[in-house]
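S.K.: One letter stands for each residue in the lines below.
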Amino acid sequence: AQSVTQLGSHVSVSEGALVLLRCNYSSSVPPYLFWYVQYPNQGLQLLLKYTSAATLVKGINGFEAEFKKSETSFHLTKPSAHMSDAAEYFCAVSEGFQKLVFGTGTRLLVSP
Amino acid sequence: GAGVSQSPSNKVTEKGKDVELRCDPISGHTALYWYRQSLGQGLEFLIYFQGNSAPDKSGLPSDRFSAERTGGSVSTLTIQRTQQEDSAVYLCASSFIEGDTDTQYFGPGTRLTVL
Numbered sequence: 122a123q124s125v126t127q128l129g130s131h132v133s134v135s136e137g138a139l140v141l142l143r144c145n146y147s148s149s150v151p152p153y154l155f156w157y158v159q160y161p162n163q164g165l166q167l168l169l170k171y172t173s174a175a176t177l178v179k180g181i182n183g184f185e186a187e188f189k190k191s192e193t194s195f196h197l198t199k200p201s202a203h204m205s206d207a208a209e210y211f212c213a214v215s216e217g218f219q220k221l222v223f224g225t226g227t228r229l230l231v232s233p
Numbered sequence: 603g604a605g606v607s608q609s610p611s612n613k614v615t616e617k618g619k620d621v622e623l624r625c626d627p628i629s630g631h632t633a634l635y636w637y638r639q640s641l642g643q644g645l646e647f648l649i650y651f652q653g654n655s656a657p658d659k660s661g662l663p664s665d666r667f668s669a670e671r672t673g674g675s676v677s678t679l680t681i682q683r684t685q686q687e688d689s690a691v692y693l694c695a696s697s698f699i700e701g702d703t704d705t706q707y708f709g710p711g712t713r714l715t716v717l
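Residue numbers (my numbering), protein chains in the order written: chain A, 122 to 233; chain B, 603 to 717.
Simulated from the structure, these hints should not be mistaken for lab results. Incorrect hints may appear among the rest.
Stated by the list, open to error - Distance ranges between label pairs, derived from CB positions:
1. B:Ile699 - A:Ser147: 41 to 51 Å
2. A:Thr193 - B:Asp658: 24 to 34 Å
3. A:Arg228 - B:Arg713: 28 to 38 Å
4. A:Ser201 - B:Glu622: 22 to 32 Å
5. A:Pro200 - B:Gly673: 30 to 40 Å
6. A:Thr193 - B:Asn612: 16 to 26 Å
7. B:Ser668 - A:Pro161: 27 to 37 Å
Positions of the beta carbon are idealized from the N, C-alpha and C atoms, including for glycine.
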């Protein structure tokens, strides 16, 4: 069975600092991996996805993630945090054309 | 273009009543998913429709939950005899095939409160 672990339910950074949100996955087949962001009282917005084309994936709003098979990780990074990045971030895995299995989410807090 | 839309945005009901939640997917998307987001359980898969195939109902928590998709487009999630533990945000997603997988796009959700 697939699963996703997101370390840290809350991450706090200062504006302009590096953002690092951790995601580790478990999958018996080559996975498809996704990061979604959720702003308060809104649905999930796709940030980026990994589909085996390239291990470093660039997404919207300056975010990127690197797939590391040896570490079963897909951590999300952004070089410089902005106040507008404050939201909840979800990592998800699928086997392709199947349901998404989500992590428990990480709330990003950005202070001035 | 228009995204996934869901209605109502909020629904308050009394325990024991039936509710219907609606999802309008993005035009041309062949697959439709329902998920539930609650404080205690996080984001859970409920049901998946793909074209004319039989739906994957493996995530429905009880036989009080059912869903249909008419004409390969609009979907309705029905909860019968609602219970307080059904209180959650119900999210719908539609997807299209891109390469060797699909990409799911989510609606804003319906917040269900069962009193």
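S.K.: Does each hint fit the structure? Answer for all of them.
M.R.: Here's how the hints hold up against the structure:
1. B:Ile699 - A:Ser147: 41 to 51 Å: 25 Å, violated
2. A:Thr193 - B:Asp658: 24 to 34 Å: 26 Å, holds
3. A:Arg228 - B:Arg713: 28 to 38 Å: 19 Å, violated
4. A:Ser201 - B:Glu622: 22 to 32 Å: 45 Å, violated
5. A:Pro200 - B:Gly673: 30 to 40 Å: 46 Å, violated
6. A:Thr193 - B:Asn612: 16 to 26 Å: 39 Å, violated
7. B:Ser668 - A:Pro161: 27 to 37 Å: 30 Å, holds
Consistency note: the structure conflicts with the earlier hints numbered 1, 3, 4, 5, 6.
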